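So you can see what is in the structure, the chains are spelled out below.
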Amino acid sequence: MASTVAEVDTRIDDLINDLDTWWLLFGAILVFFMQTGFAMLEVGSVSVKNTKNILIKNIGDASIGAMCWWLLGYGFAFGDDVGRFIGDSKFAFSTKSWGGDISGYDYASWLFQWAFAATAATIVSGAVAERVAFGAYVVYSIVLTSFIYPVVVHGGWSTGWASAFRSPTKDDLLFGCGVVDFAGSGVVHMTGGVAALVAAIVVGPRIGRFNEDGTANQLPQQSSVLQTLGTLILWFGWYGFNGVSTLYISGLSNVASKVMVTTTIGAASGALMVVILMKLKVGYWDAGAANNGILAGLVSITAGCSTVDVWAAMIIGLTGGMVYFLASQLLVKLRIDDVVDAIPVHMFCGAWGVIITSFFITKANYSNAYYATYYDADGNIEGEEGDRLDQCAGVFYKGTGASLGAAIVFVLYILAWVGGTCTFLFGLIDKTIGMRVSKDVEEIGMDDSKHGGQTYPEMQKQAGTSGTV
Amino acid sequence: MASTVAEVDTRIDDLINDLDTWWLLFGAILVFFMQTGFAMLEVGSVSVKNTKNILIKNIGDASIGAMCWWLLGYGFAFGDDVGRFIGDSKFAFSTKSWGGDISGYDYASWLFQWAFAATAATIVSGAVAERVAFGAYVVYSIVLTSFIYPVVVHGGWSTGWASAFRSPTKDDLLFGCGVVDFAGSGVVHMTGGVAALVAAIVVGPRIGRFNEDGTANQLPQQSSVLQTLGTLILWFGWYGFNGVSTLYISGLSNVASKVMVTTTIGAASGALMVVILMKLKVGYWDAGAANNGILAGLVSITAGCSTVDVWAAMIIGLTGGMVYFLASQLLVKLRIDDVVDAIPVHMFCGAWGVIITSFFITKANYSNAYYATYYDADGNIEGEEGDRLDQCAGVFYKGTGASLGAAIVFVLYILAWVGGTCTFLFGLIDKTIGMRVSKDVEEIGMDDSKHGGQTYPEMQKQAGTSGTV
Amino acid sequence: MASTVAEVDTRIDDLINDLDTWWLLFGAILVFFMQTGFAMLEVGSVSVKNTKNILIKNIGDASIGAMCWWLLGYGFAFGDDVGRFIGDSKFAFSTKSWGGDISGYDYASWLFQWAFAATAATIVSGAVAERVAFGAYVVYSIVLTSFIYPVVVHGGWSTGWASAFRSPTKDDLLFGCGVVDFAGSGVVHMTGGVAALVAAIVVGPRIGRFNEDGTANQLPQQSSVLQTLGTLILWFGWYGFNGVSTLYISGLSNVASKVMVTTTIGAASGALMVVILMKLKVGYWDAGAANNGILAGLVSITAGCSTVDVWAAMIIGLTGGMVYFLASQLLVKLRIDDVVDAIPVHMFCGAWGVIITSFFITKANYSNAYYATYYDADGNIEGEEGDRLDQCAGVFYKGTGASLGAAIVFVLYILAWVGGTCTFLFGLIDKTIGMRVSKDVEEIGMDDSKHGGQTYPEMQKQAGTSGTV
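The listed protein sequences correspond, in order, to chains A, B and C.
Take the first sequence: its letters are residues 7 to 475, numbered as in this note's numbering.
Take the second sequence: its letters are residues 7 to 475, numbered as in this note's numbering.
Take the third sequence: its letters are residues 7 to 475, numbered as in this note's numbering.
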């Protein structure tokens, strides 16, 4: 029992620490569940003959990812800054590397960020499904989670060169603002999407995907049901992805709840836009379009979920849907084969999300989301923090354009960094162990060739074709 | 750091606000996940040929619902009262319409209530699956979420004529109590169920459902697995639906935990009862009966989850199971075709839940759930609040019958309001754009006709039938 | 508003109570969702012809389990101690049996523990799937949830003979420590696994599982997708299973977050080990191995999740994977047929988890997890609690071996108690109502014989075989 004001004050501090830790754990669990969503979405999008292959790759993304994130990734992302580029401490939960005790909040932070890292890795597997070699997958998963992605995180979210979280004042921030990428349209989705693009180019299209005349064929997709199940699970998990990116609930519940509302409106707007555009194009109501529309909206709103108003979330979702729709057709034109449309959804909408946000940032949202803890006793933001507000407001809100500048620079950085390292990585894989399975393996399918037989032996048997078990 | 008692007291207030907001967000996320449950349940219950059709409708319920709830629904439900019938402020997150700042808790409240609204809309799509026209579906989704459902919410939960939450004293409450429908057996489920009934009558039964002699055929259901997956997800989400309907966790954790226990016992009792009744009727253990029994129990306990004891929850679950069982057969007798038995589950068990609750309300539960915040310093309820307890206790607990009276009036109101508006709505749709697809479309299936081809092209190919992709 | 220090202190106490209650509810909901995981995993592992059968059994585990746990189980587990063996109060939420008011936390505790009990029961159904009689299933579910499992809980977690939670000092604890089985590798998983072993032996292998020459056939498994979906849901739910086993969040968030990290590393390590071992054995990357590897790692880390460091969690996961791999082959050698490998996963890895933990317990983790509340004002543990730390540290941390002794004794106890009671139970069932369906029923499949027809009538029809609906 506390008997002085100081003692009760300490009790409150302790309780807040417990709650902020739980908040992160809550988010981590939700974002981890997105692995299930990606697994179902991807398995629903591939042919029956590659079912087990995509399943085991999804399990691997989480498992290999956990090891890599533990040993290296988290430290590169959140360790002590080296040259604003990378971290170099906090490896492997070693107290030496952490410079002392590791708090409960630190463990929770690791878990939350691991779930994000696994997301970035998973995005690639959908794009290159049905023909990428298993060894190639293992190698790029390791490199992406251990090094390429953590460097982006360090630059965009931690104490790196573009981070908006580094300081409450504008000194020393990129364009006086840092990039506004609250939950990772750029950091996570565009990173995964660029890696997916390079991988898809290097590995090449599936046999039969493109015709001589440049048209594309829709290859068999085993189940719209699984794709939709996966998408809905992703939407569910996204409330953790965006909402819990406040990192604290104490003092930030207003931001978290607004974030979940903008996330909802973004998802809904994206779905409606893509369904309508697809109806105009192909003449029917396309269930896959509804799913990808949801994801386009979600990816697009992820950067600005905390800094824009609800009606702007609608505009971001609607335009994100258009970006997806056009990018998807662009890929076909370029003869890049992306099984689940991961590149349009994650790379294009990810970049779009970062850029469009800088038009709609309002001062009130920005100050709540980015430095609520810097208010003075009267709830005002004065001095340098106030200057930063003027500097960083959105282009449509009398801003200086500094946020837009930071957004463009950061998007170009991701393109260059991830594109560059991945070109080297996938090129190297291709020259050595090989990116792609043989033509025979691709035609028979991965499951028969590499995973001990197809998935549904009974249905095959009933259908009179030869089972493999 | 706080240095006075007043300052620490304020810190506690702030923290409580953060936590109550999080509590609502927690519930909103769980209830939103029920959309996934409904989608899986419904897609598992229809024929393969209508798979994509039901999936896109479920995505639409959430997406269209979000837009409608944002622009109109929430305001009609929770805006400033007009004539105890409807609200007329709090539209579209406009600060003008909200009369000032919108708090974090307000955003969370919107999200939580949106998930409920989407539930009400989804109920209809299961009943009229496999033959309702897509345009008709879009129109009724909009009207239901924007207007018909919000009016029920205003009347039953907000500051409307039947609400028990409006005041701690019995003055000015319906029968001195208001209707005890804690989490919405009536407000949500019966509303969705009545709309489903009208829609099913107007659209008519599927081809082949009923024979000339009045008997019914079981039309193909694509997957018990998906139906069960959906049902278990619904049970999971229902802990948010009922438990988080306390709306606050501070001071109400005792209610929330008891609610989750009664919800569990209700679900379990319903499942056991329906499985046994079905075994007696058809002679085998029916998996579908187990699923619908869970839902019957859950819907039935939703009204009284906070105000009855655990053993009463068992009785409510068991009798709810019987109500479902009988209602399901009644529908067949009346030649009303309901693909997923949504009408027995949601309308009949919803009404039953509201009415049966009024027999089992105990004073202790009622005062905890309905006005914990009105206790005086000694934990007593005195004066007018005490009078209300005497007035509103259950019929089996020496109550005056006032709660039963309010329950019956509210059930009749839902029947009249939703039945009336839906009769007009569906009649109008039928006369104009048409409620039903053509006979050809129905026989071929929606997916081939309207959604770009069937869902499982590979399995068809294996089976030697013609694929469509 | 509070005006004295004592009043604000009380406000903090009340808030902490609300939050600890919510924490348990949060965990209960997550653990309940594991029922969905088990259902999907099991249905994915059986033949199409037994789909509905396994689904209804999974629903029954939760439903029957709720009734039994309410009426008897919770009281036997957590009621007032009788002879360190069993509890005898707290039945059926009767205030008489509880000796007074039942708090919100009590209700939450019941819910959390019910979800664990349902887990123990569900483990059996996977092992004996496809041939166990429905009546036999109902009887063993009731006995297991009402009596056999609660006795283990009382002994290991409550105030029973082996519990480490009974006292902060070593007096009167088994080997001065009690068994370190934080979240139930032994209490839950090994209990379920031993019951599954006895059941599998008594019921015998499926027709066609074993050849005359001792080799085994892989019988048809309907879907790797459903198996993986189930496994990923289990991983998701396991964060509640292990993490929320702190039972309180206030003062224990550091333990909860570390637990979720060790749980993650355990799961990932198990998956990687089993995949690699299986690749070495069969030559391909096995998706089923990845799934069972996750579960092997999770079950193994469950006992020690709070008391070992992260690198030790990796060792526990890796060795747990080996234990699973060897045990799975041992079962085949012994001609014991276990459809989902529940016995290797839950019994062998469960026992392994309890034992291996006692090598890696560190004092810092142990004191945080087991008696954080006993620190003195300076954060030290003195006197008898300090003695206990010296006594109970892991074998690799200069411990006395007392924890290892307690672990071995507890594992032997579960083997004896569950093995003994289940031998009697299943023997009795076998002699009376019969454990097994007839040969005809088994060959036709349960769904046609007992559940009103097969699950996928349309696919059958397409395949030209006779449908049953």
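If you're looking for bench data, these hints aren't it; they were derived computationally from the structure.
Keep in mind that this is a model prediction, so the values were computed, not measured.
Among the hints, erroneous ones may be present.
Identical copies carry no separate label here, and so any pair may be met within one copy or between two of them.
[To be verified] Think about it this way: if two alpha-carbon atoms lie no more than 27 angstroms apart in a straight line, the pair counts; the simulated BS3-like pairs of lysine-lysine are: (1) K437 x K285; (2) K339 x K102; (3) K404 x K339; (4) K369 x K102; (5) K102 x K456; (6) K445 x K404; (7) K369 x K287; (8) K404 x K285; (9) K456 x K287; (10) K404 x K437; (11) K339 x K369; (12) K285 x K102; (13) K456 x K404; (14) K287 x K404.
Checked hints:
no.: 1; hint: K437 x K285; in the structure: between (43 angstroms within a copy, 25 angstroms between copies)
no.: 2; hint: K339 x K102; in the structure: neither (53 angstroms within a copy, 48 angstroms between copies)
no.: 3; hint: K404 x K339; in the structure: neither (39 angstroms within a copy, 67 angstroms between copies)
no.: 4; hint: K369 x K102; in the structure: between (41 angstroms within a copy, 18 angstroms between copies)
no.: 5; hint: K102 x K456; in the structure: neither (43 angstroms within a copy, 62 angstroms between copies)
no.: 6; hint: K445 x K404; in the structure: neither (57 angstroms within a copy, 58 angstroms between copies)
no.: 7; hint: K369 x K287; in the structure: neither (39 angstroms within a copy, 61 angstroms between copies)
no.: 8; hint: K404 x K285; in the structure: neither (38 angstroms within a copy, 61 angstroms between copies)
no.: 9; hint: K456 x K287; in the structure: between (39 angstroms within a copy, 14 angstroms between copies)
no.: 10; hint: K404 x K437; in the structure: neither (52 angstroms within a copy, 51 angstroms between copies)
no.: 11; hint: K339 x K369; in the structure: neither (41 angstroms within a copy, 62 angstroms between copies)
no.: 12; hint: K285 x K102; in the structure: neither (59 angstroms within a copy, 37 angstroms between copies)
no.: 13; hint: K456 x K404; in the structure: neither (58 angstroms within a copy, 47 angstroms between copies)
no.: 14; hint: K287 x K404; in the structure: neither (38 angstroms within a copy, 66 angstroms between copies)
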